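Each protein sequence line maps, in turn, to chains A and B.
33 is the number that this note's numbering gives to position 33 of the first sequence; each next residue is one higher, with no gaps.
1249 is the number that this note's numbering gives to position 249 of the second sequence; each next residue is one higher, with no gaps.
Please note that a few of the clues may not be correct.
Quick partial rundown of chain B residues pointing at chain A, CB under 7 Å, derived from the structure [claimed, not checked]: (1) G1668; (2) K1669; (3) V1670; (4) A1674; (5) F1678.
Heads up, incomplete: computed chain A residues facing chain B, CB under 7 Å, no partners named [what the hints assert, rightly or not]: (6) V18; (7) D97; (8) L98.
None of these hints come from the bench; they were simulated from the model.
As the structure is a prediction and not an experimental result, all values here were calculated from the model.
Positions of the beta carbon are idealized from the N, C-alpha and C atoms, including for glycine.
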Amino acid sequence: MTINQFLILGSLLFSLGVYGVLVRRNAVAVLLSIELMLAAVNINLVAFGSLLGDTLRTGHIFALFVITVAAAEVGIGLAIVILIFRNRASANVDELDLMKW
Amino acid sequence: MLSFAAWSAAEGGHAGAAGEPSGFLGVLAQGAWLIPVVPLLAVGLIVLFGKRLPLKGWELAEGALVFVGLYGAALLIGNWVDPFAFERHVEIARIGVLPGGHDLVLEWGWVVDGLSTMMYFVVGVVGSFVFTYAKGYMKGDVRFTWFFAAFSLFAGGMLVLVSSPNTIQLIVGWELVGVASYLLIGHWWEDHANNAAAIKAFLVNKVADVGLFIGVIISGLVVGSFRFTDLLDAVEAGDSALADVGVWVGLALFIGAMGKSAQWPFHVWLPDAMAGPTPVSSLMHAATMVTAGVYLLGRMFPFYQAEGFGAGLKPLILVIGALTLFLGGLLALVQDDIKKVLAYSTVSQLGYMTAAMGAGAYTAGLFHLFTHAFFKGLLFLAAGSVIHAVHSNNMSDMGGLRKAMPKTYWTFLIGSLALAGIVPLAGFWSKDEILASLAYDGQHGGGGLATFVLVLALAGAFVTAFYMARTVNLTFFGKYKGQAHLHESPRVMTYPLIGLAALAAVGGLVNMPGWFTAFTSWLAARAHPIVEHHASGLNWGLAALGTLAALAGIAAGTALFGRDRATQRERDRFRIPVLYPLLEHKYYLDDLYDYGLVRPIRGPLARAANWSNNVIIDGAVNAFGVVARRLASLVYGGFDQRGIDLGINAAAAAAGEAGGALRRVQTGKVQQYAAALFLGAVALVVGFLIFT
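Isolated chain B (complex conformation):
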């Protein structure tokens, strides 16, 4: 049993619900609907006019993201000065009546509270850096303009998701992100592997999305409204109808969150998603897409905390998070592809966030999301910079890049140390807060399970530091083993690295327990009170232990990979008999899915589909075709050619003949016309005389 001298975490009831903003802040919150709309508008404009613009549409995408970042920053500062929670709904349509007698209302809306403001800021700021970087990285790409349209759609979809006050709009954003990720992962679709990765990401997400849909439908039917506020109000009021299905709603929504946030065993799509261009990986892992699941858990946090509703699922969330953080971290150890190391690292860090949510630590989980966005975005961009120079993803082609790429090296190092959790970089503060919350949960209701997860999390910290030390050593130290000519990346790529490195260094300082906890109060500004485990002071014991684990990891990684190893076999000399094959085959999970799910279904299903296609559908289509052709020839020969054409031709011929005859009358001689006029007058007079 672990025990430490002073438990600094406490059950924090953040003071009640935050109110509506007033004055300038109110105006700012009113206008926040622009945040998702501007990037989506940019998508349309880029698609329509992008190619004619001087920078091929990039300026629109970048402008939209900078706008979002500035708006998010303004809201964040406003929220700091005067915490507020704001939401508006615009009714789009009433499309029926729910069983409870409520109208089924489709609404579009926007939420401006601590949680969504934090997400606006992260998406906008990280997105602006990534878009700037992408201008250099994607230079000369055949589908440059299209790339930025899809990239804006990606960010816009995420903003729709986080600005949503109801679950329907959440699904819209959720799916927009999914579609955009599909487009971006498969951006270089000429290579079949990229296509396959895009489809895999889409399908794995889709499987998990079924959970989200079920949860949304059940909760909407039971509560009679799709608004989060109504749902959380029902939780607060102890609605018995909702309590009856509470576990199922919570489970279904959590499965949806597991898919997007790549929790074990749905994590398989995330490493494959590395097939996309590196800026995509960066944004996907930092600000958009994978954070959506954690965001959903945060949005529904009071639900998952409420006894009788979602609280029963907390052990499950905790275990899934712990499994993900540990197993994902181990996988990062054996990867040769630098992007896959980072991808599995993301899986692992998402596990930390989910575990924190499971332990009832709202601030800790989302704080880790916040800091992780900066350093993981940075790490991916720096890895992209390396790949840009080396023309290979494999660390066996790298080494010794420290000299040639100093800016990339230093920023990557800062990102790695932040990820490993070295004080005072961003990762230290958030990881420590998670550890403290897990420890607190272990003593207050979480029991042995939470303590076990705490041990796993500490081991995870060691693993994290270990694989990052390995990556840094293999990439930047030793001898260069690649072929390509080395060069530092252009400034358009290194400046975003420096910006993100600065954020990764100081981003954690917004939440130093005991000294400065602005972040906590930002996040607590919600329409519903948040009751959570939250550190009230730095937990020295755990901080020391976490730092020790990180330092041990760095030491071990440097000891094993510090000196230059000539061959891959030597590099992997740490391979452990049973574990290594298991890791190399990714726990055989892909194989399990392939042999257990895809193939048994694909074979018979494909044959059945083929049969039904050939026999039933083709038969019907062919029969229809034959009948239609007979009928058509009948109509053509009998009715059309003989009936209608005859009449029309006759009319045309008659008109032509008459015209030919009559045109001789029109000589153009004025005097002949006058004569005709005169004769006509005479004829009239004669007629007049005769008939009167």
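The following block holds chain A by itself, in its conformation from the complex:
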């Protein structure tokens, strides 16, 4: 079994995610990009898990954990986005400059 295709796909997805996080203005799109990065990580985990032939399937199980945490993270993230939208009538990330001196 060759692993290169999976790693290439994973790195492409991850790069897309990083690009989205850094560039997109819409907070929802930023959250989506984070999901992309997490998906890339999951692909890597499953690919390496299969390659090493681990009988406990650690890689697969870990991927399931990542999905769970990602779901929780998105739940909180969207709630924050909705609150910000309600308060400021905008969900644009570059308009949020509260975190400074």
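Place chain B on chain A using the hints.
What follows is chain B alone, placed relative to chain A:
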């Protein structure tokens, strides 16, 4: 030589020492430490919170005194049912070793025996009445709250004194009373004369206190303990070391007692102490302060009775008492200030008490203290009521107040008759007991001296009645000569008068020789047996003579001052060529002190003090100041400004600059932060790849 048919006084050995109380009485005695503590606690609370209370702190002072009075009454009744003597000591510190090998122990304690219980009762009861009265008298005073704080301190100090089982605590109470009296006499300090009177009282007391200190120190060193019980035990056991210094200890303690109890020639502070508000005079003359000296003589009574210890001083005590009672009484004759009449009367009555102690009559002396507290407290309060209405202390501004102030008039009259010794009011019983004891002493060991003192005491009874008759006549009869509008005092002032008048009327009935002598057994309840001269039955001859002297005095006073005299000169028409100027100048004693002591010392001493102040102390202080200033400017200019400030400013500037530069990085844009994060991760990965 005087001789009477039946001598009814006898050498009374009161049955042995009284034991400890049990049951409820024991609990009551255990808790008696509260008696001095509660008024002192009230002082603190009044000072801290008094002004915020609805009655401005008065309620705390009154409550404390009522508590003491009730507690004293309960103890007195208990003592009557079952005589007991109780004391407890709480060790505070051991601060060294006495020459005899005993530890020098500082103790706080409380005594509950006949003597101290009687004092608790008197201070509490008279104090409650006086405090109630003072609420009306001091109404509207600028320092009302402070007055009651100092007044509570006064009563509390006295209770510390009388509850003390050792001489150290006695001194603490003694000085608390002195300080409080200073504060109270000078309460209206805006008037310079009041200040001077307060200082005079304090200093005269202080001079006599030196005697007390010396006596306490010597006795403590010799006995190895400051407890009264140990001291009296040593007397009982005939301790030879104590016997060697016995006379000196007795003399020193007696000098202390003379100061507080205003015995001749230390009496000069007492009339001046009239500068204080009248309730202060009342309490000072009745229950606290001046009774302290007599109390000390009573506490040390077995010592002064013991042959080889203090017994040698009895003639001295007798003579001082006699001098005081007679000379003080004469001075009361010529006073125009109604409070000064009463003040000299107190001096005279204290002389009676001291003379009784000198004659070995423990019960008689303290019984007079007991009854005197009621009627003299009453007389002062009534005089205060008059002053309140007339706005003057001088009897030349009074007269005819009988109609306008009936309650004051009747209570004052009862107090005057009690003081004069008219049967069956309080003063009769106690004065008669003193006379009987003096007569007995004259026949048993006291000799001609005691008989002479007896004659003086009888003459004193005449003088007492005379000046009281004069006072009553000038104040309440004849025409009113003052300006102020007359009115009876408010009820808050007249009710205490009535209460004290009732006590002054019946207070003497607790000790009717031959019929009812509860008071004698109360007082005999001591840890040490009291052997004294004590009347076993009424001495009819002396009682008649004493009453006759009093009646003659009243008659003479009324004859001279009964009809209205227009002028002061006419009032003093009884002036006797040599005696009158002598009395008017108070035997020149104040002048003697002033020219003989104060001025010779004050002039050179003041100059010397001034010189040493200006040249030595100021020089040293100034030199020190100059050096300090030079040094300071050196430190300021060189070290502080250049060294330390430079470093601190540099550090602050660096921090400021760095902050200004760095704050631009913090834009608040989340995506820039994320980019930085990502770049950091990339840098780490690159570093990882390169270095492995």
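Here's how the hints hold up against the structure:
1. G1668: holds, 3 Å
2. K1669: For K1669/B, the interface hint holds, since the closest Cβ of chain A sits about 6 Å away, which is under 7 Å.
3. V1670: Holds. Min distance 6 Å.
4. A1674: holds, 5 Å
5. F1678: holds, 6 Å
6. V18: Constraint on V18/A satisfied, holds at 6 Å.
7. D97: This hint holds: D97/A lies near chain B, its Cβ roughly 3 Å from the closest one there, short of 7 Å.
8. L98: With a closest approach of 6 Å, the L98/A hint holds.
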